[in-house]
Amino acid sequence: MKKLSARRRHPLAAVVVLLLALAATGGLYAAFAPAEKAQADSSAQSLAIDEGKKLFAVGCSSCHGLNGQGTSDGPSLVGVGSAAVDFQVGTGRMPAQQPGAQVPRKKNIYSQAEIDQLAAYVASLGPGPVTPTPEQYEPSSNDVTNAEQVAKGGELFRTNCAQCHNFNGKGGALTNGKYAPSLEGVDAKHIYEAMQTGPQNMPSFPDTTMPEEQKREIVAFVRHTNDEASPGGLTLGSLGPVTEGLFGWIFGLGTLILIAIWVAAHTTKAKKS
Amino acid sequence: MSENLPEAHDASHGTALVSHDDPFADPGLPAHEPRRTDIDERAAKRAERQVSLMFVVSMLATIGFIASYASIDADKIVYIFPLGHVSALNFALGMTLGVALFCIGAGAVHWARTLMSDHELPAERHPIEADDDVRNDVIEQFKTGAAESGFGRRKMIRNTLIGSMALVPLSGVVLLRDLGPLPEKKLLHTGWDKATQSSPIKLVNMNTDEPMKPEDIVQGSLTFAKPEGLEESAEDFQQQIAKDALMIVRIAPGDIKDAESRDKGFEGILAYSKICTHVGCPISLYEQQTHHALCPCHQSTFDLADGARVIFGPAGHPLPQLKITTDEQGFLIATGDFDEPVGPSYWERPR
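So the sequences go chain by chain: A and B. By the count of my numbering, the first sequence reaches residue 645 at its end, each step adding exactly one. By the count of my numbering, the second sequence reaches residue 395 at its end, each step adding exactly one.
Hint data in this document are derived by calculation from the structure and do not stem from the laboratory.
In silico EDC-like pairs for lysine to aspartate or glutamate, Cα to Cα no more than 20 Å straight-line: (1) B:Lys120 x A:Asp599; (2) A:Lys478 x A:Asp559; (3) B:Lys257 x A:Glu584; (4) A:Lys524 x B:Glu254; (5) A:Lys524 x B:Glu275; (6) A:Lys550 x B:Asp347; (7) B:Lys367 x B:Glu259; (8) B:Lys257 x B:Asp371; (9) B:Lys308 x B:Asp383; (10) A:Lys524 x B:Glu276; (11) B:Lys301 x B:Asp347; (12) B:Lys120 x A:Glu600; (13) B:Lys257 x A:Asp579; (14) B:Lys120 x A:Asp515; (15) A:Lys524 x B:Asp253; (16) B:Lys301 x B:Glu311.
Chain A with its partners taken away, still in its complex shape:
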């Protein structure tokens, strides 16, 4: 110690200290820097992230903040994952057309490539659910397996989804102007992503509580209810007793009343005939 302290005023002491500090910093960086990030720098992934960041700055940053950290107008996107981006932008919900109780579905203005770039950028902000692959969400094309999936999916749908989305997936009302949208004509991928990420006020159903296979079964059931012909003909919206009762009262009873009036008003007297 004495030697060190004796030479601390040596002209080269500052240089030695600087060299030591630089070596320590470099060593620490090499030890702790995430390996993937270091590898990704020149890959297509990092290019996608760069492109996505530019798209984000133009289309999303006014509400979600320049770095996706969230503002008073939009939530933070750290940790929402690429699946959420693919769902929100892919269904046209984002960018939102106006603030309100619920952001409605509308025409999507981004190409799938742009959505993937945006998703890559948002996914780089923090780990989250990853955009699923077709093997994950596409129900089986085998008739027997598909029928089995539809049956199981129906049970899961009635337990987890029917309370908001109606027994037939036609959607329903929630509080204060919010609503559960109809599942008619929604892509299998988007249904799967919605379950994964819980968009807007929908609760999420992560793989830990609803495994991948069950999500696929639910997709199979929703597709089946959309495609299947109605055994009764007119479905009247498949909304249940409200439309059916209204139809019965207005058209059924109304027709009977009109017939009764017609019968009573038309005499068969010879004079008139």
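Starting from the known structure of chain A, arrange chain B on it as the hints suggest.
Frame of chain A; chain B shown alone:
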């Protein structure tokens, strides 16, 4: 057509002229006008054939109903404009039964209008009371009877009679008891009441039938749970799950406004009864951003971040919350029953 009509009828038209002496004189009934079928036998025969034809069509339709029931495959789907794709069996059954019933009705109406007698028959209205002689006689008889029975004199008989008459309707009121039964203590205990500190019950995911760990439940997710040991194949599963069903949500502990509710949960995981406290509908319209749960029946809304307080609608009580914790292996468990009865409110409810 009118060439078949007798001349007298044309002449009779307009005979009920108002007399100038009495402008309010009763004009009487208009003269009867015969129908074509009354005066033209050919028309009557034709009407008869029409009515019979409709009845025969009805018979054929009924036979068609039975035939289609027997012959059409229940799974067959056909395209029918403008209904679209419909089940062939449903369509055939509905159509034939509809035609069968309609033809009976239409035939009956046609028969009544063309062939049955349509002579106008005045039915004059008279006062409905009896004449004075009859009334006096009845009053006299009543008085005699009352005097002979000693009804006014023997007060004990009179009073007990009145008493018994007054009590008889009570038996009807008692029969209303059948509208019950009252829940008694059935809602006080659920399937969770077998759980104790020493032998807790695991919470089992309704989807996977597996016990859950806290890390499985992410914020913003919704999971339904039942007590371990309650199998769907059990005979009384529906009765049990109607009381035991849980909805499990995870809310950032800082967002939970009710301290008691936060303590009953585990690291922000809250387990609430899924049964509405109004009339017992299953409620799980959970909005993960507002933490409101909505009942689809009568729109009772509960704030799950505030001890499931009722913030809208007819429900009278917050949703009961199950106290949960974890065991040594890290599975979510309950060590006791709900503090209060689950399900709809009733008079005997303790709180």
